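Protein chains: 2
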Amino acid sequence: MSKSGRVSEFLKGKLTFEVCWWQRFSESLQMWKFVGERAKRVIATNTIASVVNLNHFQTTSTLSSSNYCSNRSHIPRLSSSLNSPRRSCSVMASKGATAPVTIESLNPKVLKCEYAVRGEIVSIAQKLQQDLQSKPGSQPFDEILFCNIGNPQALGQKPITFFREVLALCDNPTLLDKRETHSLFSADSIARALKILDQMPGRATGAYSHSQGIKGLRDTIAAGIQARDGFPADPEDIFLTDGASPGVHMMMQLLIRSENDGILCPIPQYPLYSASIALHGGTLVRYYLDEATGWGLEISELKKQLEAARQKGITVRALVVINPGNPTGQVLAEENQRQIVEFCKKEGLVLLADEVYQENIYAPDKKFNSFKKICRSMKYGEKDIPLVSFQSVSKGYHGECGKRGGYMEVTGFSREVREQFYKLASVNLCSNISGQILASLVMSPPKVGDQSYDAYINERNGILKSLARRAKTLEDAFNSLEGVTCNKAEGAMYLFPRIQLPKKAIKAAEQAKKAADAYYAIRLLNSTGVVVVPGTGFGQVPGTWHFRCTILPQEEKIPAIVSRLSNFHKKFMAEFRD
Amino acid sequence: MSKSGRVSEFLKGKLTFEVCWWQRFSESLQMWKFVGERAKRVIATNTIASVVNLNHFQTTSTLSSSNYCSNRSHIPRLSSSLNSPRRSCSVMASKGATAPVTIESLNPKVLKCEYAVRGEIVSIAQKLQQDLQSKPGSQPFDEILFCNIGNPQALGQKPITFFREVLALCDNPTLLDKRETHSLFSADSIARALKILDQMPGRATGAYSHSQGIKGLRDTIAAGIQARDGFPADPEDIFLTDGASPGVHMMMQLLIRSENDGILCPIPQYPLYSASIALHGGTLVRYYLDEATGWGLEISELKKQLEAARQKGITVRALVVINPGNPTGQVLAEENQRQIVEFCKKEGLVLLADEVYQENIYAPDKKFNSFKKICRSMKYGEKDIPLVSFQSVSKGYHGECGKRGGYMEVTGFSREVREQFYKLASVNLCSNISGQILASLVMSPPKVGDQSYDAYINERNGILKSLARRAKTLEDAFNSLEGVTCNKAEGAMYLFPRIQLPKKAIKAAEQAKKAADAYYAIRLLNSTGVVVVPGTGFGQVPGTWHFRCTILPQEEKIPAIVSRLSNFHKKFMAEFRD
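Chains as they are written, first to last, in numbering that gives the first Met the number 0: chain A, 0 to 577; chain B, 0 to 577.
Next up, chain A with everything else stripped away, as it sits in the complex (with noise of 0.2 Å):
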């Protein structure tokens, strides 16, 4: 990326390099008069002297900092990094108390972060929909339709039923023994429910469990594993997680030791992992995905944007491949995963594989091959490559995201390491006992000859077929439009269609302070009651402009978004065209 596509970037509602670099030289100068400060309480120490008091060092020591800290009301979400009360501009509880808790004072990590899955369009949306309520016949439109967000169940799709029956059983097993559960729950999920109560400490889905999760459990999530790659699994490799978020916190918190450590991640991304990154204080190594390729994840792209980041000193740890993609939608070629993981092995790097989309294939040439299986398939194993794959109960045709469960498969990692990883999955006792349920379930569902099996594999195949339905029909509409190009969902939820927008509107967009694809995207919620999030929430080629748009409402809203949508953007182009 060129210097001014950089800055292009962040001038849009970022960091600029210079305040990052100027932040970053503030802490390691507050870091340094720390070792001095150690230093003295060290000597102080040893030579048996009570503590000392360092308060003229310290305040010498930091006037360098104080122009910035008068000139960052211009700055908006970045911290000063100056951590004593001594320095703060606020009122103070009482002389010497600690400052009270300001912007200013949070830390500059959090400060730094992003999330726009949830940004201001979620909250314009929220609002539209109270006002609908309170006022109906307010808005231009009778209802919001979000395409923002990959939560089928909240837009009407329904559980499967065997998954909820099973749920049910386990929290309330005294149902097992009545007559009229019988009538009301398939045999086989009473089944399951029994073998699965057996598993649990105390029969109890109210108890907390191993850190890593039901031991019964794993072994059916483990089994599935191998029944779905044809290579074994072991039940000691998966630490069941409140969705995959969790688990890639952990991987971030483990990996990151500094901003000198970098994650190499695609571009477009699913913000939880530029979030994460920045949550742990790490570096991310952007890499680009080739949009005229459909998303093609190149290789050679890798191997630049290693080598430069290395350059600067970074060592990338880990590489994060999102396959299917999110919010791409493409599903890798086999051939492309094994050069992926050649290349992985060859440069030392941890492959972090989000796989929480493998259920959710709609293109008929493609199939989803786990990374785990691949590198087994080249004969790589436990020693050759370290391997996490993510995997969640929210997506496929289940989308149970309110339950929050998931797992993660970690392979390639020696003994102490795995104790650390257990360490960390420790200190949050465990996942809650329902998603870890789910879990199981996903990676063990109905087979033929169990009651539930026909009912299972209509539900499944409606949701699935229906979902690659709307894919087509959206797909179709925005390729129709004047300057949107969309590649083809092959998986996952999501159509990442391109706008050329006219440079009207982008100027426009710039006196209102927006980035020109959130400008594009408020006006047409503003218009339509349609929700989609901008392209910068995921990252693009600067100059390039997005939107993403889910496949999840129900089919027969299809028509409605597709018509809003057409007819907004023919609007706005005519009020914009150069």
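Hints listed in this document are in silico derivations from the structure and should not be mistaken for laboratory results.
There's no promise every hint is true.
Said to hold, decoys possible - Which chain B residues stay away from chain A? Per the calculated CB distances, all over 12 Å, these: (1) Q138; (2) P234; (3) D364; (4) F367; (5) N368; (6) M377; (7) I456; (8) R459; (9) L463; (10) T543; (11) E554; (12) V561; (13) S562; (14) N566; (15) F567.
As the list claims (entries may be wrong) - Using C-beta positions, here's what the derived DEER-type ranges look like: (16) B:Q553 / A:T472: 57 to 63 Å; (17) A:T484 / B:S413: 41 to 47 Å; (18) B:D176 / A:D130: 32 to 38 Å; (19) A:G95 / B:Q132: 58 to 64 Å; (20) B:R417 / A:N566: 34 to 40 Å; (21) B:Y421 / A:E481: 34 to 40 Å; (22) A:K471 / B:N457: 57 to 63 Å; (23) B:T173 / A:K194: 22 to 28 Å; (24) B:E341 / A:T101: 21 to 27 Å; (25) B:S479 / A:E179: 48 to 54 Å; (26) A:T292 / B:Q225: 55 to 61 Å.
To be verified - Mimicking EDC-like on lysine to aspartate or glutamate, the simulated pairs with C-alpha atoms at most 16 Å apart in a straight line are: (27) A:K365 / A:E334; (28) B:K422 / A:E119; (29) A:K422 / B:E119; (30) A:K111 / B:E418; (31) B:K126 / B:D141; (32) A:K94 / B:E306; (33) B:K422 / A:E113.
The model shown is predicted, which means the values in this text are computed figures rather than measured ones.
Note that beta-carbon positions come from the ideal geometry of N, C-alpha and C, so glycine has one too.
With chain A held as given, fit chain B onto it using these hints.
This is chain B only, laid out in the frame that chain A set:
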């Protein structure tokens, strides 16, 4: 604390002060070096030179750390903070590649974090349990008696029927249309489920909610807080969380910027606090509870430790109070709470109130008062004091640990600071919906006249009264042992007896490279199958020894625990008596 006392504590299985210091010095050196690199980089950028190779600079400036690196095998669980591949001793994937992930190259904050509640003792217990299952009769006891963790349902406590009925119906709304449901479920659980379903997006427990939790459930919780305290509560102040732990982590993440930021924590403490502070890179500022006055919380001690920390250049940002206490079981008196509030107000500290045991009060003369109620009764409003109250569904009479539900009530922060709380909550999307529902049920259980009311009251009181009896029996048993003194459990779920260990036992522990209380606890476990947690995991006055024992095993097991413990203790004392 005297220097000799501190050294003695650290030598017992912890890090020495010198090692800590050396680690920090080494980190600071790295950081300072980094400043130099950055400066070079910026100069290079500004002169439009391409990126310079800094290898030479990097290699020469780190020689001072190498001795430490080569010695590290003697220092368990400590990172060398060396993050360049050139400095690693491990084999590389290929020339120029990132070094493999080793214990030395993990985030040193993770390595520093300790969490004793799930430490060595638990591993031994799990091993023994497997032995008992595979070879019955192989141990001198027939079952493991878990007294180590607050996990009541794992030990046979039954969930509250009403709560579970509501959960099952919310998860399976189709049941609400069926005739059989009315003979299986109570009328008020059906009514409550219908009400909750109406509050949820898509009427679905499988949908992500608002990042703070479902608004209708937060309304219910706020009403419950208001009924408890007699002062208003605002649903916008409620953040629903997966148990209390993520809320604590979130506050630490927000408040801690560097090791210059400190958090005042009780000693003994629940190790979530020390672990979370370590993970976020802050400094634990200890204040000691006074065992002689029933684990009294003295303001003079708070002042002393706060001043000492400030003299060292630490900005103390918050005070943690656990009430009722964990592991100490004391219930704070109202007057004491007022003093604590006054102290926080005067010193500008955020008050982090761990109130997860608010329903667990056993002393007839004691009453739980929330800190929010205390603040408001002192006429301190929103602008006077920043206060966070943590609540969990895992504790109380319900003990729904596996559901991972809870909330924090956040008051006294500015709007822009609150927006950062919201952003952090958003990155993890939302807490699990069953946990959210449970949190609302806990704060709004059945009322007089509801069909479930009598059963609910019987279940609740039965559990609480039994816990009080178990606490008394165990307390008396401990106090009858030679050299053991045990304060009353006025509340919570634990006893924390002090053991006067003979010098010979302490010496034997040293030889076994264990803390003396860990040595005692491991011997106890291996001889009797009774699992307790050594006091070192919670912190204690140096030179004193304790263990934490829960009061949670079912009442019929208590006599066995008492007799096994007493017999073991007599033999232990006979073996080691000075």
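Okay, the hints, checked on the actual structure:
| no. | hint | result |
| --- | --- | --- |
| 1 | Q138 | holds (19 Å) |
| 2 | P234 | holds (14 Å) |
| 3 | D364 | holds (31 Å) |
| 4 | F367 | holds (22 Å) |
| 5 | N368 | holds (23 Å) |
| 6 | M377 | holds (15 Å) |
| 7 | I456 | holds (19 Å) |
| 8 | R459 | holds (15 Å) |
| 9 | L463 | holds (17 Å) |
| 10 | T543 | holds (23 Å) |
| 11 | E554 | holds (15 Å) |
| 12 | V561 | holds (22 Å) |
| 13 | S562 | holds (23 Å) |
| 14 | N566 | holds (27 Å) |
| 15 | F567 | holds (25 Å) |
| 16 | B:Q553 / A:T472: 57 to 63 Å | holds (59 Å) |
| 17 | A:T484 / B:S413: 41 to 47 Å | holds (44 Å) |
| 18 | B:D176 / A:D130: 32 to 38 Å | holds (33 Å) |
| 19 | A:G95 / B:Q132: 58 to 64 Å | holds (60 Å) |
| 20 | B:R417 / A:N566: 34 to 40 Å | holds (38 Å) |
| 21 | B:Y421 / A:E481: 34 to 40 Å | holds (37 Å) |
| 22 | A:K471 / B:N457: 57 to 63 Å | holds (58 Å) |
| 23 | B:T173 / A:K194: 22 to 28 Å | holds (23 Å) |
| 24 | B:E341 / A:T101: 21 to 27 Å | holds (22 Å) |
| 25 | B:S479 / A:E179: 48 to 54 Å | holds (51 Å) |
| 26 | A:T292 / B:Q225: 55 to 61 Å | holds (59 Å) |
| 27 | A:K365 / A:E334 | holds (12 Å) |
| 28 | B:K422 / A:E119 | holds (11 Å) |
| 29 | A:K422 / B:E119 | holds (11 Å) |
| 30 | A:K111 / B:E418 | holds (13 Å) |
| 31 | B:K126 / B:D141 | holds (14 Å) |
| 32 | A:K94 / B:E306 | holds (13 Å) |
| 33 | B:K422 / A:E113 | holds (8 Å) |
When each numbered hint is compared with the structure, no violation occurs for any of them.
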